[in-house]
Every structure is written in structure tokens, then in C-alpha cells.
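With chain W's structure known, arrange chain L on it following the hints.
Chains as they are written, first to last, in the working numbering: chain W, 394 to 682; chain L, 11 to 334.
Keep in mind that the hints were calculated from the coordinates and are not lab data. From the three backbone atoms N, C-alpha and C, an ideal C-beta is built for every residue, glycine too. Take these hints with a grain of salt, some might be off.
[Claimed, not checked] With the C-beta cut set under 10 Å, the calculated list includes, among others, these residues of chain L facing chain W:
1) ARG56
2) LYS83
3) VAL89
4) PHE102
5) LYS110
6) PRO161
7) PHE238
Residue-level listing of the chains:
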Amino acid sequence: MTPTPTAKWGLRTLAFGYLGLLLLAPVGMIFYKTFEHGIGPPVEAMTSPDALHAIYLTLLMVAIAVPVNTVFGVGCALLLVRHKWKGNAIVDGIINLPFAVSPVVIGLSLFLLYGTGGWFGSTLSELGFQVLFSIPGMALASIFVSLPFVVRETVPVLQEIGTEQEQAASTLGANAWQTFWRITLPSIRWGVAYGVVLTTARVLGEFGAVTIVSGSISGETETLPLFVGKSFEQFDEQSAYAGAIVLALLALTTLLLMSIGGRKAKAGSSGPIPIAGDAAIATSTKEGS
Amino acid sequence: MGIAVEGACKRFGDFQALDNVSIDVPDGSLTALLGPSGSGKSTLLRAIAGLEDLDAGRVTIKGEDATAKPAQKREVGFVFQHYAAFKHMTVFGNVAFGLKIRKQSKGQIESRVHELLRLVQLDGLAERYPDQLSGGQRQRMALARALAVEPQVLLLDEPFGALDAKVRKDLRTWLRRLHDEMHVTTIFVTHDQEEAMDVAEQLVVMNEGRVEQSGSADDLYDHPANEFVMSFVGEVNQLGGAFVRPHDIQVELDPDERAEEAMVQRIVALGFEIRVEFVLADGTEVWAQLTRAELQKLELREGQIVYLRPDRTKSFSGDEVVAA
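Isolated chain W (complex conformation) (with noise of 0.2 Å):
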């Protein structure tokens, strides 16, 4: 049954209209007020060295938090998807532990265990690393809060492949290194994509977790959220409009990248183009044995 022409109109007015108030008019206005006075304040507020180096540290966030979750996420999945064992249920369960738990528990935690007198922190400071208040431990809170993405979105895609075109490719004489690059890899390579562009949205917007570990010294410890809430907070709102900006066209060009990689692999692998009768019967018929 197709929905008559008003019913069709009315759900596209709620939806759009829905969105509209919840997402595009905050959006919108941020972009009114950064360029209200055209493009001179808010390129000013973005040049200066607290706010360069902020950009600096939110990018080196992403430039360690994503390569490190996403090894840890594709052998993860590869290990609770294929090899069963009693402790996945654990193992799953823990990997969920960050979007259970709120970012400023994570970033306190840290706290407890990197600070001075923390299980790691006293040893660790008499070794020369300091953890807190510098970047290794906001790469911790960082990694910490965007571990699952590359997992969750990993798992359903390597069920979904299976073992034949694996074990297919070992009886073709590959060995597991070349089956992983040569076969399993490219298989789930868009659900690796779908977990990176989360992860790095996540790591780009991460405020709580960070804040406690950072301690948020202006030129130094502070990324771009951060400089936005302390600007917010010093009534330097054209600061904080111009950085929210910044911190919005990064998570773009991260979506931008990935949909433009994502059609060059379509136009690569053209699609499925019905060319004899059987081919469909094949599939329908599909039974095991």
C-alpha cells in the first residue's frame, strides 16, 4: 500500500521539521554567529598559538587513538568472531564498558591510577614519565572512550563473510598472514571504515574523560573541545563559535574522505548486473547440507 499524497507530505514536513529544530538550527546558528561579522574575527580567534596548538593536540589524539583501536578492534573481532571460547561473553562485555560508563568516570579513574600515589603513577614518575597532565594520558582517556567503535561495527561483517572464501584461500595455499590481507581484510574493509570514522568523530568531540587527565593548561594540555568550554566559559564567545566550527568541518572532512573512498571502491567493483536466469534461482535456492 503506498501512503496517499498528504499522509507522504505530512511525514516529510515531521521529519524534516524534527531534525530541523533538534540538529540544523543549533548547527546553524553557530554558523550565524561565528561569520556574523564576516570571515576576519573567527580567522583571528583560530590563529592564535592557544588555539593552533589545541587543533594540533585534538589532531595528534586522532593520529593515536585511531591506529591503536583499530589493530586492537579488527584482532579483537577477528578473536570473539572466530575462535570460540567461554570468555568471549566477558570479553564483550568489557569492550562495551565505555559507552557504559560516563567519559568523566574514565578520565577520574585514570586519575586515581596515574595520579601520584596511583597504582601506576608512583612508579612510573620515578621512572621519568609523567602520565597526567601531559599527552600520554590523554591519549589513554582518548583510546579508553573510542575502543568499541571498530569492534561493534567489525563483528557483524566478519559473521556475515563466514570461513569459506578463508578456508578456500588456505587449501589455494595461503598462509593465515596472506589469507588476513589477501581475503579477510578487503572482505570487512567497510566495516573497518564505518568503526574509523566513529572512532575519530568520538576522539575529535571528547571532552570529559580528557579534561580530568589533562588538567587543561591553555598551549599545552588543551584540545579544541577544551578551548571551546574554557573560551565559552571567559565570555570569549567568538572563540568558542569559531572553534566549534573547526571542530565540525574536521568531523566533515572525515565523513567527506570516507564517502568519496567508499565510491571509488564502487566504481571499482561495479554493481551486481543479472545476466542469466540461473543466477537468481541459485541464490534462492541456497540450502545447506
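Chain L only, in chain W's frame:
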């Protein structure tokens, strides 16, 4: 010596998939593993390929003990029921995979792949992706991929099981011809007795993890070792305490001391052959296979009382009985 399996055992939890299985596959032969679902035939094939580890037993390929070798080193070509096509590679890439792993030169790979694609009649489709092929084409691609590395043996796991009847028939004729040309020792798994008899020189009938009988198609049909084999390799009825094939039942209009009284229940014309279903006095249902001419001569109609005389019966407690 082609392939030998001795005393293979495999258990999945509570399920005994293979129970002390031994088979011998002559070099260069085409052998079918035939059995119902869950009979262990696929597990046995996968154990030969090294895709399944045995709990006990030995696998010998071309005289060499392969039991401890991983799949990667066994040099077997394996073809899966659902093709296991590498979806992100073209047909060319799929067939070239094993050759690239073996680090052959680009020129060698190019000429070998095209030679194989000609063999499986996919030469024009080298740049297609698997999802642009029909099921039959995908399976031929999978076969070319397996043959590319010049395997010692070729193992096919229900290769035509996912295809429709027409394509299936074409492919098995084609496989038969291919084997005649290449003489690679081949084992293929099927649950379709007609397919097994059509393609294979030797059949191994499996049931509940055990080998019931092996031999040529004629052997199995004419001298089945037990009731299971008799009913699996052809149709069978029970008449007078023994087993009889539907084409070995004679329908008589007059009483006879060796014949049993029966009532015609249903007459089904299946083209050339006619299937006549009867019910005996004790309620047992039996059917006989007649030709169109025989039916016309007898002028059978539903509800009629007739007398059934088995020509040839078999009882597995004793020997074969051939009635005069």
C-alpha cells in the same frame, strides 16, 4: 595410490560425524561420496582437504601421509557448495589467487589463467566480479581457481547442490568430460544417487558416520550389502517379507500362489513410465513401475483387485532370491 583414509574418527560435541571410516580412492579415478545429510560425507571430504582435524585416523594423499599437514600444504583443489568466490576480486583475480601466492611471474599467471578460463568457458568474463555471474558460472570459476595450482587431487563438496536442475545436469556432464581429459584423482560429495551414478566410476555410500558399501554403480544397485544401500541407491518396496525394486514387480490379473492380492489405489503417468500404487490386504503400501504399453495391456483402473508377483527380491538375512 590416490587417496587413502584409514580409521577416521571425528566427533562434534555429542555428534559422531565419522566413526572409524576407511576408504581407498584409486589414482586418477572419479569417486562419489554418497549419503544423506549428516552421514559424514562432507566431514570426510573436509578431513581429506585438511579443513577439519581428525580425532583419530590417517589420511594419505599420493602415498604421502598428510594427516598432520595443514590445508595450505596438502596441494588439494577444493570446490565448495556455495562457491566461496572471493567477492572483492574479478574472475581473473580469483583464478590467479593460488598462482600469485606461489609468486609466479605476471606473464605465467596471465597465460595460465586464460588457458583455464577457456577450459571452463569463461574466457570473455575475466574482468567480471563474482556477483555479476550466474551460479553455474561461479562454480566453473571456482573449479578453474582450484585447478590453477595443479592440485594432486580435486575435492568437490556438493558442487552442484545450489544450482537448478538444468544447469546441474549440464555441469555434471561437463565435469565428467573434464575428468576424462585431465585424469586428476577426484572425489565429489553428493546426496543425489542419480548424480553419483551418472558421474562417478566408484561410489562410496555413507550413513551415520560409517561407510555402508563401496563399489561401482552396478554393484551397488544389483548387490546392495544391506537395506540402507538398497533403498538409498534406488527405489524399493517391501513385499512378502523381502525387498523388491518397483520395476521387478509383475502385475497379474489372475490369482497365483506366489502372488499377493492388492488393490490399485492410484495410477500416475510420469511421461514414459507409469507409477501404479497399490495397497495390500494388510494395509502395506507398495508401488510398481510399468511402461505405458504394459499398463494398456493390463487395462488397470483404480479400485481394481490384482495380484503382485515379485520377479526378484532380496532379503538381507539370507541370499538373493530370484523367482522363476
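Quick rundown of the hints versus the structure:
Hint on L/ARG56 holds. Least Cβ distance to chain W is approximately 9 Å, under the 10 Å limit. Taking 10 Å as the C-beta cut-off, the interface hint given for L/LYS83 holds, the closest approach to chain W being about 8 Å. Annotation: L/VAL89 was flagged as interfacial toward chain W, and the flag holds, the nearest CB pair being 9 Å apart, inside 10 Å. With a least beta-carbon distance of about 13 Å to chain W, the hint placing L/PHE102 at the interface is violated under the 10 Å criterion.
Because the closest C-beta pair between L/LYS110 and chain W is about 8 Å apart, less than 10 Å, the hint holds. Nearest Cβ of chain W to the Cβ of L/PRO161: about 8 Å, under the 10 Å cut. The hint holds. The restraint placing L/PHE238 at the interface with chain W is violated, with a minimum CB-CB distance near 18 Å, outside the 10 Å limit.
Of the numbered hints listed earlier, those contradicted by the structure are 4, 7.
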